[in-house]
Amino acid sequence: MNFEKRLLEGDKRACARLISMFEMGNSEAIDIIKRLYKHTGKAHVIGITGPPGGGKSTLTDKLVKELRKRGKKVGIIAIDPTSPFTGGAILGDRVRMQDLATDPGVFIRSMGTRGSLGGLSKATYGAVKILDIFGVDYIFIETVGVGQSEVDIVKIADTVVMIMVPGLGDDIQAIKAGIMEIGDIFAVNKSDLDGADRTALEIEMMLKFGENEGWKPPVLKVSAFNNTGIDDLLEKIIEHKKYMLNSCEFDRRRLANAKLEVLKLVEEKLMAMVLKKTSTGDYLNSLSKKIAEREIDPYTASDKIITMLGE
Amino acid sequence: MSERPIRVLVAKPGLDGHDRGAKVIARALRDAGMEVIYTGLRQTPEQIVAAAIQEDVDVVAMSILSGAHNHLFPKVVNLLREQGAEDVLVVGGGVIPDDDIPFLKEAGISEIFTPGTPTSAVIDYIREHVKRK
Chain A
0 MNFEKRLLEG DKRACARLIS MFEMGNSEAI DIIKRLYKHT GKAHVIGITG PPGGGKSTLT
60 DKLVKELRKR GKKVGIIAID PTSPFTGGAI LGDRVRMQDL ATDPGVFIRS MGTRGSLGGL
120 SKATYGAVKI LDIFGVDYIF IETVGVGQSE VDIVKIADTV VMIMVPGLGD DIQAIKAGIM
180 EIGDIFAVNK SDLDGADRTA LEIEMMLKFG ENEGWKPPVL KVSAFNNTGI DDLLEKIIEH
240 KKYMLNSCEF DRRRLANAKL EVLKLVEEKL MAMVLKKTST GDYLNSLSKK IAEREIDPYT
300 ASDKIITMLG E
Chain B
0 MSERPIRVLV AKPGLDGHDR GAKVIARALR DAGMEVIYTG LRQTPEQIVA AAIQEDVDVV
60 AMSILSGAHN HLFPKVVNLL REQGAEDVLV VGGGVIPDDD IPFLKEAGIS EIFTPGTPTS
120 AVIDYIREHV KRK
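One line per chain: the protein sequences are A and B, in this order. Just so you know, the first sequence maps onto residues 0 to 310 in numbering that gives the first Met the number 0. Just so you know, the second sequence maps onto residues 0 to 132 in numbering that gives the first Met the number 0.
If you are wondering where the hints come from, they were derived from the structure by calculation, not from laboratory data. One or more of the hints may lead you astray.
Distance windows between CB atoms, simulated [said to hold, decoys possible]:
id	chain 1	residue 1	chain 2	residue 2	range
1	B	ILE100	A	TYR282	35 to 43 Å
2	B	GLU85	A	GLY104	23 to 31 Å
3	A	GLU292	B	GLU85	31 to 39 Å
4	B	GLY16	A	PHE224	48 to 56 Å
5	A	ALA255	B	PRO117	50 to 58 Å
Here are the simulated SDA-like cross-link-like pairs (lysine to any residue), alpha carbons at most 20 Å apart as the crow flies [to be verified]:
id	chain 1	residue 1	chain 2	residue 2
6	A	LYS11	B	GLN82
7	A	LYS11	B	ASN77
8	A	LYS11	B	LYS22
9	A	LYS154	A	ASN25
10	B	LYS22	A	PRO80
11	A	LYS121	B	GLU85
12	A	LYS11	B	ARG41
13	A	LYS64	B	GLY32
14	A	LYS11	B	GLU45
15	B	LYS22	B	GLY107
16	A	LYS11	B	ASP123
17	A	LYS11	B	ASP86
18	A	LYS268	B	GLU2
19	A	LYS64	B	ARG126
20	A	LYS11	B	GLY83
21	B	LYS74	B	ARG41
22	A	LYS68	A	THR227
23	A	LYS275	B	LYS74
24	A	LYS240	A	LYS263
25	B	LYS22	A	SER26
26	B	LYS22	A	GLY52
27	A	LYS154	A	ALA300
28	A	LYS11	B	GLY32
29	B	LYS130	A	ASN25
30	A	LYS263	A	LYS4
31	A	LYS4	B	ARG41
32	B	LYS22	A	MET23
33	B	LYS130	A	LYS64
34	B	LYS22	A	ASP302
35	B	LYS130	A	SER19
36	A	LYS121	B	GLY32
37	A	LYS268	A	LYS11
38	A	LYS4	B	GLY83
39	B	LYS74	A	GLN97
40	B	LYS22	A	SER82
Glycine included, C-beta positions come from ideal geometry on N, C-alpha and C.
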């Protein structure tokens with residue numbers, strides 16, 4: 000099949016196949032992205048993150064339905080954890096998005112983390128580009144349920160929506176470093192439950208402690224289940240991108256992310272080179288043995304490997 | 000090129016609300032190192048096929064306990080063929096009378112697993128018959 004042509008025509012099967020090929024590191028898929036890279040960067044990439052069971056899938060479902068009413072095309076990448084023991088995974092985010100499955104203007108792809116720890120999977124970066132070329136207006140990335148430090152979503156999203164729920168801890172939790180620092184918009188979901196006002200207030204106070212110049216992250220109370228506050232949330236998401244575009248913040252963030260991405264790729268390629276070079280003649284194993292037996296220290300050993308690369 | 004895990008869509012077509020069996024299978028396949036996309040209850044054949052295409056799965060595994068298997072299973076196979084996805088392995092399970100099995104196999108369902116099948120038999124079958132792209 001001519002993937003390139005079919006992807007540009009918005010063919011879902013070609014899009015799906017290309018994402019799989021990219022996941023496997025297939026060079027044809029990478030070549031297609033290389034050729035079509037100039038077509039990327041148009042879609043508004045929205046990260047949806049927050050604790051497990053917070054309602055990320057359900058809220059995504061509601062936000063996407065609202066965008067569909069407005070005639071927008073949407074891609075969704077939903078990430079769930081891969082077992083570090085078996086490599087298996089249960090990807091269950093589609094359960095909350097059943098009505099969207101047959102919508103011609105929606106493409107949903109579930110991904111396992113496959114060893115990545117930052118809340119995304121490695122292939123997310125490629126999948127976003129493929130969906131962008133495929134021609135969606137919005138891309139939602141739903142991270143795994145996060146704890147305190149899975150912040151990779153900021154490296155790829157234009158707008159990060161942090162979903163919180165009442166009852167997860169006191170105001171000290173809210174001022175800890177990590178995920179609470181990455182929200183462009185905070186949505187307190189399940190706001191029909193007791194404690195929602197308090198949770199929203201604590202987040203607002205946390206945000207006021209900081210000396211944030213520029214965009215002030217809004218805190219909204221929503222209920223995905225009762226379908227309340229969804230319109231307001233979507234308006235804030237759209238407003239955030241407009242603000243970013245008008246303030247140069249958009250360019251700054253995309254530049255920073257481009258730098259991170261290229262360095263990450265270089266790191267992966269270098270590591271592959273290192274493993275290839277040092278695997279010949281059992282070099283790595285014998286060097287490691289010497290380190291373990293204190294014949295050589297790990298710092299000198301790593302210098303030796305780096306020297307080998309240049310040879 | 001790296002291997003990717005076998006991807007399986009576990010789906011419940013039809014109107015019965017009994018998903019214990021589907022969940023047991025989903026869990027067993029997960030523990031066997033597969034990526035299981037679980038879509039939930041009361042799926043139409045159209046929803047199942049749309050999900051299978053977008054997720055680019057290797058296998059569609061359906062569970063049905065309502066007796067509508069002779070209608071719904073072949074429908075899924077036919078819709079997959081219409082989409083050019085005939086390389087997807089389709090298997091079914093549930094309360095399915097022995098007399099219906101030849102018809103279902105004729106219709107393109109590769110294997111039918113009836114009550115009492117050990118999960119290991121399902122795992123082995125999938126590993127042996129999956130048509131890698």
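We went through each hint and held it up to the structure:
no.: 1; hint: B:ILE100 to A:TYR282: 35 to 43 Å; result: violated, 57 Å
no.: 2; hint: B:GLU85 to A:GLY104: 23 to 31 Å; result: holds, 26 Å
no.: 3; hint: A:GLU292 to B:GLU85: 31 to 39 Å; result: violated, 58 Å
no.: 4; hint: B:GLY16 to A:PHE224: 48 to 56 Å; result: violated, 20 Å
no.: 5; hint: A:ALA255 to B:PRO117: 50 to 58 Å; result: holds, 52 Å
no.: 6; hint: A:LYS11 to B:GLN82; result: holds, 10 Å
no.: 7; hint: A:LYS11 to B:ASN77; result: holds, 18 Å
no.: 8; hint: A:LYS11 to B:LYS22; result: violated, 28 Å
no.: 9; hint: A:LYS154 to A:ASN25; result: violated, 23 Å
no.: 10; hint: B:LYS22 to A:PRO80; result: holds, 17 Å
no.: 11; hint: A:LYS121 to B:GLU85; result: violated, 29 Å
no.: 12; hint: A:LYS11 to B:ARG41; result: violated, 24 Å
no.: 13; hint: A:LYS64 to B:GLY32; result: violated, 34 Å
no.: 14; hint: A:LYS11 to B:GLU45; result: holds, 15 Å
no.: 15; hint: B:LYS22 to B:GLY107; result: violated, 24 Å
no.: 16; hint: A:LYS11 to B:ASP123; result: violated, 31 Å
no.: 17; hint: A:LYS11 to B:ASP86; result: holds, 16 Å
no.: 18; hint: A:LYS268 to B:GLU2; result: holds, 18 Å
no.: 19; hint: A:LYS64 to B:ARG126; result: violated, 38 Å
no.: 20; hint: A:LYS11 to B:GLY83; result: holds, 12 Å
no.: 21; hint: B:LYS74 to B:ARG41; result: holds, 15 Å
no.: 22; hint: A:LYS68 to A:THR227; result: holds, 16 Å
no.: 23; hint: A:LYS275 to B:LYS74; result: violated, 49 Å
no.: 24; hint: A:LYS240 to A:LYS263; result: violated, 26 Å
no.: 25; hint: B:LYS22 to A:SER26; result: violated, 36 Å
no.: 26; hint: B:LYS22 to A:GLY52; result: holds, 18 Å
no.: 27; hint: A:LYS154 to A:ALA300; result: violated, 33 Å
no.: 28; hint: A:LYS11 to B:GLY32; result: violated, 27 Å
no.: 29; hint: B:LYS130 to A:ASN25; result: holds, 18 Å
no.: 30; hint: A:LYS263 to A:LYS4; result: violated, 29 Å
no.: 31; hint: A:LYS4 to B:ARG41; result: violated, 35 Å
no.: 32; hint: B:LYS22 to A:MET23; result: violated, 28 Å
no.: 33; hint: B:LYS130 to A:LYS64; result: violated, 35 Å
no.: 34; hint: B:LYS22 to A:ASP302; result: violated, 51 Å
no.: 35; hint: B:LYS130 to A:SER19; result: holds, 15 Å
no.: 36; hint: A:LYS121 to B:GLY32; result: holds, 18 Å
no.: 37; hint: A:LYS268 to A:LYS11; result: violated, 30 Å
no.: 38; hint: A:LYS4 to B:GLY83; result: holds, 17 Å
no.: 39; hint: B:LYS74 to A:GLN97; result: holds, 19 Å
no.: 40; hint: B:LYS22 to A:SER82; result: holds, 17 Å
Going down the numbered hints, you'll see the structure goes against 1, 3, 4, 8, 9, 11, 12, 13, 15, 16, 19, 23, 24, 25, 27, 28, 30, 31, 32, 33, 34 and 37, while the others check out.
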